[in-house]
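**Q** Generate the whole structure from the sequences, applying the supplied hints.
These protein sequence lines are chains A and B, in that order.
All letters in the first sequence, in the order written, are residues 1 to 273 by the UniProt record's numbering.
All letters in the second sequence, in the order written, are residues 1 to 315 by the UniProt record's numbering.
It should be emphasised that the hints constitute simulated quantities derived from the structure, not laboratory data.
Ideal Cβ placement from N, Cα and C applies to all residues, glycine included.
Careful, some of the hints might be misleading.
As the list claims (entries may be wrong) - Examples of chain B residues lying across from chain A (beta carbon under 7 Å, computed): (1) T15; (2) A141; (3) F145; (4) I274; (5) I294.
Said to hold, decoys possible - Where chain A lies over chain B, by a calculated footprint (3+ residues, C-beta under 8 Å): (6) 21-29; (7) 240-251.
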Amino acid sequence: MSIGNALANRSFCVGLIVTSLIALVALVSFVWTPYPVGALDIAGKLKPPSAAHWLGTDHFGRDILSMIMVGSRNSIAVASVSVAIGAGIGVPLGLWGAATGGFVDEVLMRLNDLVFAFPALLSAVMITAVFGPGAINAIIAIGIFNVPVFARVARAAALSLWSREFVIAAGAIGKSPARITRDHILPNLASLLIVQATIQFSLGILAEAGLSYVGLGSQPPMPSWGRMLFEAQTMIGLAPHIALFPGLAIVITVLGFNLLGDGLRDVLDPKFQ
Amino acid sequence: MLTYATKRALIAILTLLAASLVVFAMLEIVPGDPARLMLGMNATEDAVHNLQEQMGLNQPLAIRYFSWLGGLLTGDLGKSYTYSVPVFDLIKERVAVSLPLAVISLALSTLIALPVGIFAASKRGKFSGTLAMGVAQVGVAIPNFWFALLLVYLFAVTLRLVPAGGFPGWGAGFGVSLKSLILPSIALALPQAAILARVTRSALLEVLGEDYIRTARAKGLSRRQVLYRHALRNALIPVLTILGLQFAFLLAGTIIIENVFYLPGLGRLVFQAITQRDLIVVEGVVMLLIATLILVNLLVDLSYAIVDPRLRGRS
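**A** Take a look at the structure:
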């Protein structure tokens with residue numbers, strides 16, 4: 001891929017700009033928010049957007065912009081750690097299955113099917129029922145959900161690489177399957193895995209929001225987009241803006257990462273161009 | 001066909017058994033005694049002892065697993081601690097809300113997605129096709145529960161066309177019950193439809209690039225005939241795969257959406273059970289949902305063979 005190619009791709013450019021802005025907002029929230037997050041002002045509650053509060057205030061008079069800014073940290077942290085868990089466990093398993101084949105591969109794939117039968121929400125329900133709710137449990141649940149996804153992608157792509165001439169040649173000069181995987185298979189999978197990571201990241205943002213919304217995700221006082229929407233629900237007739245902005249934050253973030261992923265796929269895989 | 005079907009069915013049964021072990025094990029790793037956990041800090045020793053007896057906690061692990069498994073097969077999911085009724089009855093009542101919701105949403109999403117996907121594929125490179133996919137791109141990014149809130153605000157709070165939530169029960173009349181499922185199904189269906197439309201389009205485009213499509217055009221079939229007779233049928237496999245996966249997302253989605261609309265379905269049941277630490281109910285609902293998912297995926301696998309005769313020979 002060349003930089004010129006990438007910049008000519010509209011999805012990639014828009015996605016990159018949007019995701020960079022979101023990352024910037026999350027970073028800025030560490031040093032500055034318009035108001036201290038969680039600062040109550042009951043007299044100024046449910047105010048629509050104004051010059052003082054750009055996105056208005058919620059039912060406790062808290063500044064919605066500040067909460068969305070800090071909430072972005074939560075979404076990004078949960079989504080990235082669960083992608084790391086999924087890739088960290090799934091990719092080695094997929095590569096192992098592809099390199100070994102036979103019985104090991106079969107067992108790994110059946111295990112994959114098993115994990116696949118547990119959607120993130122159901123894992124989260126079980127984990128929460130046993131250990132109680134929390135951001136860590138949401139990360140584990142979404143991470144578990146990501147494992148078979150990465151394992152499948154890595155295995156399928158690795159299998160096709162194993163029949164390529166340069167891999168067979170590497171075997172012929174005596175390299176072990178483990179070394180071939182490290183030196184030849186993995187580098188050739190990298191672009192595919194990056195695309196998948198982008199997709200799983202945006203799914204992770206959605207899943208985290210859903211889990212927080214039903215109370216299985218991060219707990220107060222940590223602001224999270226999903227819980228902001230839950231709290232807005234009963235107030236929607238009085239102050240629709242408090243339900244609008246956290247949702248928009250989710251949509252823009254997910255859209256940004258999806259565009260980035262689509263763009264990356266087009267740029268990295270010439271077949272789709 | 002038969003060997004293929006048997007192998008898929010066997011795998012499904014094994015997966016189900018393994019899943020039951022996982023669900024059972026989850027409750028075994030509960031820190032401390034599940035009976036004490038469910039009853040809370042202030043329970044008397046007698047109450048804890050009774051519940052232990054009822055849950056069979058004083059029996060060996062293997063015996064407990066097999067009697068639980070046997071119960072699952074005969075529909076005996078144990079007794080809810082908080083409701084004091086069999087879990088099976090609780091679930092039966094709630095499925096009557098969740099299942100119609102999931103099925104209506106799946107149908108709605110397919111009915112929207114297939115035409116949109118076909119349209120976008122046939123208008124590739126034209127403005128209308130790009131616009132349709134742009135809308136789908138945004139649709140994929142919308143969380144269904146937020147979309148649900150917007151629908152409530154527009155159609156229930158502002159326009160007052162439909163109830164904002166609640167469910168009268170099928171006994172109160174088919175029409176009113178169905179009416180209270182309208183917004184929830186739309187909220188669930190649209191984001192799913194966006195995903196499905198994108199998959200339909202890209203699967204169609206892939207097929208339309210094949211040699212046999214050019215042959216079909218060359219022998220004089222119209223663009224339309226080629227699209228419907230040759231391309232669509234061949235594009236169905238990826239579409240079916242996604243449909244199977246979507247059912248999983250829809251079931252999970254119903255659980256969340258029920259909380260937006262206060263629908264007395266499986267989702268409400270399981271969240272109440274979590275708050276009340278009624279682990280037997282959680283176990284039953286999770287097991288039921290997983291069994292449904294495995295069954296649906298089995299049906300999808302089998303339908304591949306119907307769509308694609310080449311798969312029938314393979315074992």
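**Q** Now, for every hint given, state plainly whether the structure supports it.
**A** Status of each hint after checking the structure:
1. T15: At about 5 Å, which falls below the 7 Å cut-off, the nearest Cβ of chain A leaves the hint on T15 of chain B intact, so it holds.
2. A141: Holds: closest Cβ of chain A sits about 4 Å from A141 of chain B, inside 7 Å.
3. F145: F145 of chain B check passes; min Cβ-Cβ to chain A is 5 Å, inside 7 Å.
4. I274: Interface hint status for I274 of chain B: holds (5 Å vs cutoff 7 Å).
5. I294: Nearest chain A Cβ about 5 Å off; hint holds.
6. 21-29: Since 5 is at least three, the answer is holds.
7. 240-251: holds (count 3)
Checked against the numbered hints given earlier, this structure breaks none of them.
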